[in-house]
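Protein chains: 2
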Amino acid sequence: MKKSAAIIGGGVIGGGWAARFLLMGWDVRVFDPDPEAARKIGEVLDNARRSLPGLSDVGLPSEGVLSFHDAMSDAVDGVAWIQESVPERLELKRKVYQTLQEHCPTDAIIGSSTSGFKPSELQGCATRPEQIVVTHPFNPVYLLPLIELVPTDQNPPEMVERAKVILTEIGMYPLHVRAEIDAHIADRFLEAVWREALWLIKDGIATTEEIDNAIRYGFGLRWAQMGLFETYRIAGGEAGMRHFIEQFGPCLSWPWTKLMDVPELTDDLIDQIADQSDGQSGHMSIRELERARDNNLVTILRGLKAQDFGAGALLNAQDARIGTPAAMPADPAGLVETVRRAVPLDWTDYNGHMNEARYLQAFGDATDRLMEIIGCDADYIANGGSYFTAETHIRHLDEVHAGTRIHIDTQVIAGAGKKMHLFHRMMADDRLLATGEHMLIHVSLETRRASEPAAHIAANLATIANAHAALSLPEGAGKAVGVR
Amino acid sequence: MKKSAAIIGGGVIGGGWAARFLLMGWDVRVFDPDPEAARKIGEVLDNARRSLPGLSDVGLPSEGVLSFHDAMSDAVDGVAWIQESVPERLELKRKVYQTLQEHCPTDAIIGSSTSGFKPSELQGCATRPEQIVVTHPFNPVYLLPLIELVPTDQNPPEMVERAKVILTEIGMYPLHVRAEIDAHIADRFLEAVWREALWLIKDGIATTEEIDNAIRYGFGLRWAQMGLFETYRIAGGEAGMRHFIEQFGPCLSWPWTKLMDVPELTDDLIDQIADQSDGQSGHMSIRELERARDNNLVTILRGLKAQDFGAGALLNAQDARIGTPAAMPADPAGLVETVRRAVPLDWTDYNGHMNEARYLQAFGDATDRLMEIIGCDADYIANGGSYFTAETHIRHLDEVHAGTRIHIDTQVIAGAGKKMHLFHRMMADDRLLATGEHMLIHVSLETRRASEPAAHIAANLATIANAHAALSLPEGAGKAVGVR
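Chain order of the listed sequences is A and B. Read left to right, the first sequence gives residues 3 to 486 (the working numbering). Read left to right, the second sequence gives residues 3 to 486 (the working numbering).
Be aware that one or more of the hints could be misleading.
Where chains are identical, the list cannot tell them apart; a pair therefore holds if satisfied intra-copy or between any two copies.
[To be verified] In silico DSSO-like cross-links for lysine-lysine, where the CA-CA straight-line distance does not exceed 30 Å: (1) K166 to K97; (2) K421 to K481; (3) K42 to K166; (4) K481 to K420.
Note that these hints are calculated values from the structure, not bench results.
All chains should be built: construct the whole structure from the sequences, respecting the hints.
Here it is, written out as structure tokens:
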């Protein structure tokens, strides 16, 4: 039998919870008096359906059934989990718990999305306080794994373990907060940063955009992977966390913290931090941590580059400054250099060399460049014409590793009408690494069918193809797999 | 003529600057009295050489020349840029400036890596204060683009512009800080978070690891791409930034900020923030921002997944929980299902469909799975045996878009000795999207040469190959590019 969850209060947060449960195969029963609730949850679900399933490299369970209910008593019928995301007013939340505890299974877990209240406050007037915990998510709930799970002494340990199992099952990371405090953990950081940001704007030091850039081009890239302490552990170098704190800790009493109350950096506190950091990261040397950090940064930066966003957009702008603009070759008789680059760290795999799919990525870049050279550029594509690859034949002839500088020389085997037949040679200096033979078809992006290219593209392609007709057919061209 | 930069003070920060300049084609002249300086800078350079060049999709200039100098006067000879990264003691820094200004070109820019001093303090006793600015980087300097560029009224605007051009040229993002304040901009946030983190540890609320997880599984993933205000603009929904501040701003006066002085949220301040946010992000609707955010998050998360780190390691653990363990098929006569998944958002390209290289990535995953099924799993690979792809033939038969659920059925055309000849069919329900024909060779990972697989792998592969021998050769197998 499918498990089911009740979502009490829709909106962006409740909708995100609904999406998590649904896409992981749970049935979801929504109660929200807002007449717009179905539309609002539908919008969040649209976003979740396009982004969440592809995060997984295996098939997810089939989606559960979503239903809307006019009465809370109906929504909580037979559910294993109840997620409360109603507005942040304590009296309202307490009233909701009283109503739903009259009807829900006594072993259902009631999680609250609250960022503003401690679990003991929520449990205050409840019929069965032991059923209620804080499970504080982060937006977008369907993508970010963090859940702050804050119980009190009223919650039996068995129930807290069961909550962790369910949260893990729907792809979340339950961070068990060992003692309830205002704002739990993450929001204390968010509040602290928000406070500084307001001062910077009020004092005219920086704009919202400058502040965002100060975050996303710098420490934000570090925090997406390692957080605060593992990052600083690296900064401490081989001397480690203790060295970092002793060196930088005193900054806290510098003038810019004059408004703030700061804990005294006693030997005990330094020991505590250094020991915890050893427990967390001590299995890796600083050098290993540095390389893991750099692998992650390169991966994140190159991912953002593919999205042309944030620090990735900066890198694209840099490439445009460094690179040579695409132009028809002065002498079309020679091979066309279509790629010159270093193999990035994120192109290698468990065999320690460039992954087979990245060979095709590089060949695809070579094809894109040749398209640009003959005039099939971003403007042309935006106007509805492009080339699609119909067929590819790759011969992997030698290994290549991260950091190696490679280039690709391209021969046009044929280029007339709708067809473009290319042969790429990937080289590291004089070493032939791979060949790629590709048949491309010009298409209309409107009809998604084969179509004739524009006259200037056909003419440019013919110029190169005619000149390359004098070259011999490359070794390996026209071959099937396994045929020598 | 090549441009040259002087690095005054090596170490992690100076070394990072040296790497930036060198890898972008500048000559670099180092002064550092530490006898270990060459080794330390060499270690940073090793890290930079493996990570920085591959960030670019075009070829970088050839590397400059690195030299070490015993005298500061020699190091600064003829340079266009001088980067000072000596220890954070004002008297020391002032003394360094006096010495180097006796010898350096008067139009060289002297940038200080200081996080602790304002530029007016650095300029204090200088012969030519107009030459000195703060250019504060973030570690690792060779990868993170942010530079806080803080001038004073003493610096001519022409010189500030020249500094921006040079910093941009070496791949950095100069954030021009309009007024000097203690800690510039980013470190105010870092200090605020550090302060909260110390309290959490001292009060026993969370460990260093729990704090790191609270950051990197949640808001850290948001901050790597959008920062603070653009993220909150989305949280405000269609009602926008004003709505967000009015709704959440009051939290600042809640109890957990009782230690802090907080600016009053006057109408003027709210207007200022809302207007700046409109200027920054108003060209995108909230829906567009949401989708950009989700594209970025999926890209970052999947990148971290490939590195098996942070939130990506959580996703791998989830896949392991959801997925079916690899096992020999009960009936080897049928095709083997080797992939079942949704097309992720980061697999699509400018043509709006799955990029050609991602077809090969999916086929590569299918091959990996078949290898696992016959016993060539992570343990076997760790012990020195694996299969490498020698040849690939892909036919792209139909388009597929993000979110579509695909599966791959695999036929073993031949599998004996060192060879494995596979044919993958990629489907979306009954629609044939592509075929992939692959020749793989078993290799020794030590010699990197062809070798016989272990007996159990040969036996398992033979079992499937023999059963599949009864199947007809698939349509499209054994064909060369362009041959029907």
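Against the structure, test the hints numbered earlier, and report the numbers of the ones violated in rising order.
Result: no hint breaks.
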